[in-house]
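**Q** Produce the complete structure using the sequences and hints provided.
Chains A and B are the protein sequences, given in the same order. Following this note's numbering, the numbering of the first sequence begins with 1 at its first residue and continues without gaps. Following this note's numbering, the numbering of the second sequence begins with 1001 at its first residue and continues without gaps.
If you are wondering where the hints come from, they were derived from the structure by calculation, not from laboratory data. These numbers were taken from a predicted model, which means no experiment stands behind them. Honestly, I wouldn't trust all of these hints.
[Unchecked claim] As a list, the in silico SDA-like pairs of lysine to any residue whose alpha-carbon atoms are at most 20 Å apart:
#1 Lys168(A) - Glu1081(B)
#2 Lys1041(B) - Ala195(A)
#3 Lys1041(B) - Lys168(A)
#4 Lys182(A) - Gln1094(B)
#5 Lys1041(B) - Ala161(A)
#6 Lys1041(B) - Leu158(A)
#7 Lys11(A) - Gly1039(B)
#8 Lys1041(B) - Ile124(A)
#9 Lys182(A) - Asp1109(B)
#10 Lys1041(B) - Ala147(A)
#11 Lys11(A) - Pro1056(B)
#12 Lys11(A) - Gly1057(B)
#13 Lys1041(B) - Glu160(A)
[What the hints assert, rightly or not] Just a sample of chain B residues kept apart from chain A, beta carbon distances all over 10 Å, derived:
#14 Ile1042
#15 Asp1053
#16 Thr1129
[Stated by the list, open to error] Selected chain B positions facing chain A (Cβ under 10 Å, derived; list incomplete):
#17 Arg1037
#18 Ala1038
#19 Gln1040
Cβ atoms here follow ideal geometry from the backbone N, Cα and C, with glycine treated the same way.
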Amino acid sequence: MGEVIVVTSGKGGVGKTTTTANLGVGLAALGHKVTLIDADIGLRNLDVLLGLENRIVYDLTDVTGGRCRLKQALIKDKHCEGLHLLPASQTKDKTAVSSEEMKKLCQDVAQEFEYVIVDCPAGIEQGFRNAIAGADKAIVVTTPEVAAVRDADRIIGLLEAAELRNPKLVINRFRYKMVQQKDMMSIEDIIDILAVDLLGVVPEDEQVVVSTNKGEPVVQDERSRSGQAFRNIVQRIKGEAVPLMNLNQNGMLSKLRRIIGLK
Amino acid sequence: MASEAKKETTSLPEKALSEIKSNFIDSNTILVQRTLRAGQKIHFNGNVVILGDVNPGAEVVAAGNIIVMGNVRGVVHAGAEGNTQAMVMAFRLQPIQLRIANHITRPPDEEEMPGTYPEVARIKDGVVTIEAFSASGER
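**A** Printed below as a string of structure tokens:
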């Protein structure tokens, strides 16, 4: 029986889908059997991030509605052996699936895979309740912004109310320089408010936009810093203790070092 | 617990004792043993003691006093049914808005020093006043 992990945030645009895609590819790259479930029904884009859009025949609502078998709807990833995607429907909305159906679906998928990662939609309505219905663990994604942290706090409260205790936190789009200039919330500020365990910090990286558009998650890019951050998070999900990476690598000297290959 | 409290208070002058009794000793008190997160609200017809923080977006409304053994960053309303004697005490008092009875206050818009010590807010001469909390200070 595999582990069902929901990736959620409350606020939109903080990087839930990006995180889901990268963790999925990262875990699969280490040889694990992984399925990603896109629970953002009506606004699917996990398939786009993975570059699998053109392979979708059946979707999540077809499985829960009994119009196809689970195996038929699962799409094999093109880069990574062992990674599968259960896409969301683009033509229906959140009410097309009930929490019970989602719970059953997660259990069915977890029978065959080691990790099931559910990409949660933004908001706290039916879509959110569906996404967390079958989850054993939760990862909360936030950015160092007051509004995102506020929403993350609300989400953590709702997760606790749903008996999903001790969610893990991923801080995305972190800018070390802005924190130093006191223009952005620091890791300490965020942890102080949210009071949850930190799973990782992903630095702001333009490469993410490029890789997202190409459908090749950044976690596969050995040279990318955000990719390294995601690889570290993958290790931590597996239960290994990896120290936080040095986030201060934006100076000229370190840039130069990276260019000449000294890392 | 009750007998212990009594032992301490008997050494105080009679007048102070009765004042403390009327203002602060009330059996109608709840203990909240967790942090209140955004969107969570407590409404209680008595005193509220919170062992945790009150985060931004959370709200505590009490007919009596509010004591927070943590950081107040949300909205707190003591004496919500008109008790102007009510007070708010917290280890760190940084509320978005603080209300006592029918007084509504908010921190000044300019940069202010974050409270790094326990403080207590109460109405003095018709104005909500925030002072450092001292256990031995005048009540």
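**Q** Does each hint hold? Answer for all of them.
**A** Structure-based check of each hint:
Pair hint lysine 168(A) plus glutamate 1081(B) does not hold up; C-alpha atoms about 40 Å apart against a cutoff of 20 Å. Note on lysine 1041(B) and alanine 195(A): the hinted pairing holds, with a Cα-Cα distance of about 18 Å set against a maximum of 20 Å. For the hint pairing lysine 1041(B) with lysine 168(A), the CA-to-CA distance comes to about 24 Å; that exceeds 20 Å, so the pair is violated. Between lysine 182(A) and glutamine 1094(B) the CA atoms are separated by roughly 19 Å; this keeps the pair inside 20 Å, and the hint holds.
This hinted pair checks out: lysine 1041(B) and alanine 161(A) have alpha carbons roughly 13 Å apart, not beyond 20 Å. The hinted pair formed by lysine 1041(B) and leucine 158(A) meets the criterion: a straight-line CA distance of about 13 Å does not exceed 20 Å. With a C-alpha separation of about 14 Å, the suggested pair lysine 11(A) and glycine 1039(B) falls inside the 20 Å cut-off, and the hint holds. With a C-alpha separation of about 17 Å, the suggested pair lysine 1041(B) and isoleucine 124(A) falls inside the 20 Å cut-off, and the hint holds.
With a C-alpha separation of about 18 Å, the suggested pair lysine 182(A) and aspartate 1109(B) falls inside the 20 Å cut-off, and the hint holds. Between lysine 1041(B) and alanine 147(A) the CA atoms are separated by roughly 19 Å; this keeps the pair inside 20 Å, and the hint holds. Between lysine 11(A) and proline 1056(B), the direct Cα distance comes to roughly 15 Å. Compliance with the 20 Å bound is thereby established for this hinted pair. A distance of roughly 14 Å separates the Cα atoms of lysine 11(A) and glycine 1057(B); the hinted pair therefore holds under the 20 Å criterion.
The straight-line distance between the Cα atoms of lysine 1041(B) and glutamate 160(A) is roughly 15 Å, inside the 20 Å bound, and the hint therefore holds. No beta-carbon of chain A is positioned within 10 Å of the beta-carbon of isoleucine 1042(B); the least distance is around 12 Å. The Cβ of aspartate 1053(B) does not lie farther than 10 Å from every Cβ of chain A; its closest approach is about 7 Å, which violates its non-interface assignment. No beta-carbon of chain A is positioned within 10 Å of the beta-carbon of threonine 1129(B); the least distance is around 27 Å.
Satisfaction of the interface hint for arginine 1037(B) is found here, the shortest Cβ-Cβ separation to chain A being roughly 3 Å, below the 10 Å cut-off. Taking 10 Å as the C-beta cut-off, the interface hint given for alanine 1038(B) holds, the closest approach to chain A being about 4 Å. Annotation: interface hint on glutamine 1040(B) holds; nearest CB of chain A at approximately 5 Å, less than 10 Å.
Violated hints for the displayed structure, listed by number in ascending order: 1, 3 and 15.
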